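Colleague: Sequence:
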Amino acid sequence: NQREDWPRDIEQVYLDGNNMMFVVDSLRRLCLNRAGKKTERAIGEIAAAWNQQMHIPNVELIYDSTSQLDQIDTVKVTSAQPTYKTTDDMLVDIARRPENQEKNKHTIVITSDRALAVLLQREGCLLVKPKNWFAHCVMVLTPDLINNEEKTGMITDASPSTTVKTHYNFDELVRRIAKIDI
Numbered sequence: 001n002q003r004e005d006w007p008r009d010i011e012q013v014y015l016d017g018n019n020m021m022f023v024v025d026s027l028r029r030l031c032l033n034r035a036g037k038k039t040e041r042a043i044g045e046i047a048a049a050w051n052q053q054m055h056i057p058n059v060e061l062i063y064d065s066t067s068q069l070d071q072i073d074t075v076k077v078t079s080a081q082p083t084y085k086t087t088d089d090m091l092v093d094i095a096r097r098p099e100n101q102e103k104n105k106h107t108i109v110i111t112s113d114r115a116l117a118v119l120l121q122r123e124g125c126l127l128v129k130p131k132n133w134f135a136h137c138v139m140v141l142t143p144d145l146i147n148n149e150e151k152t153g154m155i156t157d158a159s160p161s162t163t164v165k166t167h168y169n170f171d172e173l174v175r176r177i178a179k180i181d182i
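Under my numbering, residues 1 to 182 are what the sequence shown spells out, in order.
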């Protein structure tokens with residue numbers, strides 16, 4: 001069970017939605033084709049399928065501005081606007097609330113925004129990059145989409161070294177889970 005690859009006793013996961021739209025090629029293509037709503041929905045569907053396996057009590061997918069606020073299974077979809085200017089502002093505010101000081105060590109934020117990551121780590125949150133989260137989704141939901149490729153290279157004359165490069169088929173994950181083919 002790949003759940004073991006995830007930290008234990010996590011109670012909250014916040015996904016920086018805008019940040020995640022450009023990680024996977026097929027989702028990026030959707031965005032660039034002005035299908036942002038479809039992209040938002042696809043990320044929500046994947047997060048919901050992932051959490052069916054993970055059973056994390058609170059999973060929230062936050063976009064800077066979205067009108068699609070319906071819950072997708074156990075995943076709450078939120079818009080930072082109009083209350084906040086950006087998702088970053090909202091996440092920092094959540095982390096800094098006095099009632100969350102203890103909860104932050106049980107909180108993971110999925111973002112690739114380095115400045116935001118530094119601020120949230122100071123507040124005690126754990127950070128995961130979107131690409132690593134999508135890789136975890138593949139491990140949990142579609143392990144057949146993991147391809148380990150061995151490469152043997154000569155470091156010294158005497159001993160060859162073997163490295164294993166792992167490839168995750170993110171586009172196929174999107175196709176299977178979110179039923180989107182592009």
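It is possible that part of the hints are untrue.
[Claimed, not checked] Here are the simulated DSSO-like pairs of lysine-lysine, each with C-alpha atoms no more than 27 Å apart in a straight line:
id: 1; residue 1: K151; residue 2: K165
id: 2; residue 1: K131; residue 2: K165
id: 3; residue 1: K37; residue 2: K129
id: 4; residue 1: K76; residue 2: K179
id: 5; residue 1: K129; residue 2: K76
id: 6; residue 1: K129; residue 2: K85
id: 7; residue 1: K37; residue 2: K103
id: 8; residue 1: K129; residue 2: K151
id: 9; residue 1: K105; residue 2: K76
id: 10; residue 1: K151; residue 2: K179
No wet-lab data here; the hints were simulated from the structure. The structure displayed is predicted, hence computed values, not measured ones.
Colleague: Please go over all the hints and tell whether each is borne out by the structure.
Modeller: Against the structure, the hints:
In summary, the hint linking K151 to K165 is supported, as the alpha carbons are separated by about 8 Å, within the 27 Å threshold. A distance of roughly 15 Å separates the Cα atoms of K131 and K165; the hinted pair therefore holds under the 27 Å criterion. Between the alpha carbons of K37 and K129 the distance comes to roughly 22 Å, so the proposed pair stays at or under 27 Å and holds. For the given pair, K76 sits about 20 Å from K179 by alpha-carbon distance, which is consistent with the 27 Å threshold.
Pair hint K129 plus K76 holds up; C-alpha atoms about 20 Å apart against a cutoff of 27 Å. At roughly 22 Å between alpha-carbon atoms, K129 and K85 fall within 27 Å of each other, so this suggested pair holds. Restraint check for K37 and K103: the C-alpha separation of about 31 Å exceeds 27 Å, so the hint is violated. A hinted pair counts as satisfied when its Cα atoms are at most 27 Å apart, and K129 with K151 qualifies at roughly 26 Å.
Proposed proximity of K105 and K76 is supported: the alpha carbons are some 21 Å apart, at most 27 Å. Between K151 and K179 the alpha-carbon distance is near 33 Å, which puts this suggested pair outside the 27 Å criterion.
Hints 7, 10, counting from the list given before, are not met by this structure.
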